[in-house]
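Asks: Since the structure of chain A is already known, use the hints to place chain B on it.
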Amino acid sequence: MTAETDTAPAALAVRRPGGRIDAALVTILAGALILWFAPVGMGRYGTYVLTLWLVMAIAVMGLNLTLGVAGLKSLAQAAFMGIGAYATGLLTAKMGLSWYPAFAISAVATFAVGLVVGFPALRVKAHYLAFVTLAFTSLVWLFLRNEQWLTGGTFGLPNIPRPTLLGTRLDDALSFHRFVVVVTAALTLMIWWLMRSPWGRAFLALRENPVRAASLGVDVRAYTLLAFAIGSAYGGMAGALYAPLVEFIDPSPFAISASFFLLLMVVAGGSGYLFGPFIGALLGVVLPEWLRFTGGLYLIIFAAIVLLLLIVCPKGVLGLAEQALGAVVRRFRRTS
Amino acid sequence: MRNWIIGSALAALALASPVAAQEKVKLINVSELSGAGATAGTNWKNGIDLAVAEINAKGGIMGRQIEIVHYDTQTNPANTRAAVQRAIDEGTYAVLGPVFSGPIGASMQIAQRAEIAQFVGGEAANLTQQGNPYIFRTSLSQTAAMPKLAKALATDVKAKSVAVVWVNNDFGKGGRDAINAELAKVGIKVVADVSTEQGQADFAADAIKIKNANPDAVFAYLNEEESARFLRAARQQGIDKPIWGETTLLGAKVIELAGDAANGVKGHVGLSVDAPMNPLRDFGRKFRERFNYPSDHNGIKGYNAVYMIKWATEKQKKFDKKGVADTLRGATIKVSEEPGILMDTTILKNGDIDRESFLAEVKAGKQEIVAVLPPVGP
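As they're listed, the protein sequences go chains A and B. Take 1 as the starting number for the first sequence in this note's numbering and just add one per residue. Take 337 as the starting number for the second sequence in this note's numbering and just add one per residue.
Some clues are possibly wrong.
Claimed, not checked - Derived Cβ-Cβ restraints for the label pairs, each shown as a range: (1) Ala537(B) with Leu216(A): 50 to 60 Å; (2) Glu650(B) with Thr168(A): 39 to 49 Å; (3) Gln148(A) with Asn628(B): 36 to 46 Å; (4) Thr168(A) with Arg621(B): 55 to 65 Å.
What the hints assert, rightly or not - Counterexamples of contact, computed for chain A against chain B with all Cβ distances above 10 Å: (5) Val40; (6) Gly46; (7) Leu134; (8) Arg145; (9) Tyr223; (10) Ser252; (11) Leu264; (12) Leu299; (13) Leu325.
Since the hints were made in silico from the structure, they are not lab data. Ideal placement from N, C-alpha and C gives every residue a C-beta, glycine not left out.
If we strip away everything but chain A, and leave its shape as in the complex, we get:
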């Protein structure tokens, strides 16, 4: 067992006794409400960055399930995002299918591919799994680049249409943002529900002590595969939103470097926390955009901030917050 998995992050593990309102549920609903109205007066740029943040947060949520909950170090999340983005792009732009079935197909396809790729997870662990998933990401990227007849190759796939809702195409930034807010809230609620279900408890048991989990009757093989496949499907669903957001895709955002970046977002936000992906994606997507005012040095400043953050709080922002909260509570109890 690795160092970061020794203590279970409370946010995903805690279950409220029946009858009490769950703080996580309230946060999800309140967050969705705030984000629904947040872009008012923000301009199209601000709205676009907010939407991109949510889309990346979905991909990070999937990886958080794979890494933070099931403890599998995967470097394939960008590839799953790519599969989802290209599946949606091809189905909507080239075959004229509506976004909704394309989204469902992307989710099912990445879930299925996740099952196939996740199979080696049963045999290899830690950095060996990272190598297997790294090879998979390279393979997907090469396919996207070289099979020009299907994917458009290096020239990419232009003019990907936005979804339509009640007969209106969500072309303007604000309505598409609100659409993404609803989808993100639904997907977050699904993770919240999953972690409260027996499956979620099995995932946590697997991560904390696989031998003990097995002795208690948890099917290690099935649950490991399931965690990986659900995480992959979240990558695919993020891709299915990324394609109509940017309205253009080429292989570059789904390369190996993007997988590392997604992994960084999981760790920086707080691996294993329900809201860690949102903080991580905020750091990865919004922070560099916000730092643009510093001119040519913005990427150096961004890298320095991330470096400092990981030194100060190796368990991510939410890990630090939890520690700080714990210290306050202990002090309060001592004094009272």
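Replies: For chain B alone, kept in the frame of chain A given last:
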């Protein structure tokens, strides 16, 4: 005392008024300052900075100073889209950049929706084939350059077979597709079609493959650093057939990095600071003085873009964003009217441009222009 206070207040108000603020025209450049396109994007940016400094020193555009802002795209489509959107939200007069075709593809719809002219450095053929009336190239497209090259290979080299080595990105793949089509038209057979990677360090295996195919000539279409590495590997493997290329292969950076291996290389050059034309040579000198290195074609493109905007604004005699695009479509800008354009340039209705170009050869470590080729159009 009271009058003095009122006077001061009025003066302060005048200084802070929108009239004073309108004295500037804001231009935002969105280019590849980090990531895979950083070399091209930085040259493009420096070309823009040089043009802006020159125009501002001479009093600006119609009396207004240019305020230039640069945003990095990280050579990533999603970030490019964000940056172009930001540029438009911040009221840029026109969008400058990006240079790589992928990021251009991701951002061109936004400028089109906002009806703002976008000046790009991309050479891929498909950019101007999508019916977007607001996109403008700053160099010849691959479809304009390659027929000239295929013709030269057929008539000058009298080649019956050619090996094509290209970098597998949007730039290289576009060039490879375009040259292969043109070679087929003039009856030249492609005996080796060698794909290489961006950032590839070792070209020995590729050079051996080409040597074994025994072509009459080699056509190399790679980025700057890779071009130099390929030339060295080709010489080491004893390839003695003529090596031809397009613009980058004969660029200053390649000649510097390849050393003696660059000698004898021939090709078509769309934009070159070594061209036998005083405006281009003057630009090359000014660029070197300011940035301490020679400009490549991307530097000239960025420089040209700013002068295209200046010309269009002065032509329409007002600061109308949409009018810039309307004025430029179908226009011919002559050096006699606007010296900053460097070469007489015709802008086609679809945003492509047409102008003279050059056949060049590297001799004793210097690019020499062998012939000036006329524009494609009448």
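Asks: Against each hint, give a clear statement of whether it holds in the structure.
Replies: Evaluated hints:
1. A C-beta distance of roughly 53 Å is found between alanine 537(B) and leucine 216(A), which places it inside the suggested range of 50 to 60 Å.
2. Restraint check, glutamate 650(B) to threonine 168(A): a C-beta distance of roughly 43 Å satisfies the suggested window 39 to 49 Å.
3. A beta carbon spacing of about 40 Å between glutamine 148(A) and asparagine 628(B) agrees with the range 36 to 46 Å that was offered as a hint.
4. Look at threonine 168(A) against arginine 621(B): about 57 Å separates their beta carbons, and that is inside 55 to 65 Å.
5. Distance check for valine 40(A) against chain B: the nearest CB is about 15 Å away, which clears 10 Å, and the non-interface claim stands.
6. Once the 10 Å rule is applied to beta carbons, glycine 46(A) is inconsistent with being away from chain B; the minimum gap is 8 Å.
7. With a minimum CB-CB distance of about 17 Å to chain B, leucine 134(A) clears the 10 Å threshold, and the non-interface call stands.
8. Arginine 145(A), annotated as away from the interface, has a beta carbon of chain B within 10 Å; the closest lies near 7 Å.
9. Listed as a non-interface residue, tyrosine 223(A) keeps its Cβ farther than 10 Å from every Cβ of chain B; the least gap is roughly 34 Å.
10. Look at serine 252(A): its CB is around 6 Å from the nearest CB on chain B, not clear of 10 Å, so calling it non-interface is violated.
11. Every CB of chain B lies more than 10 Å from the CB of leucine 264(A), the least distance being 15 Å, so the non-interface label holds.
12. Distance to chain B contradicts leucine 299(A) as a non-interface residue, since its nearest Cβ pair spans about 6 Å, not more than 10 Å.
13. Every CB of chain B is more than 10 Å from the CB of leucine 325(A) (nearest about 34 Å), matching its label as outside the interface.
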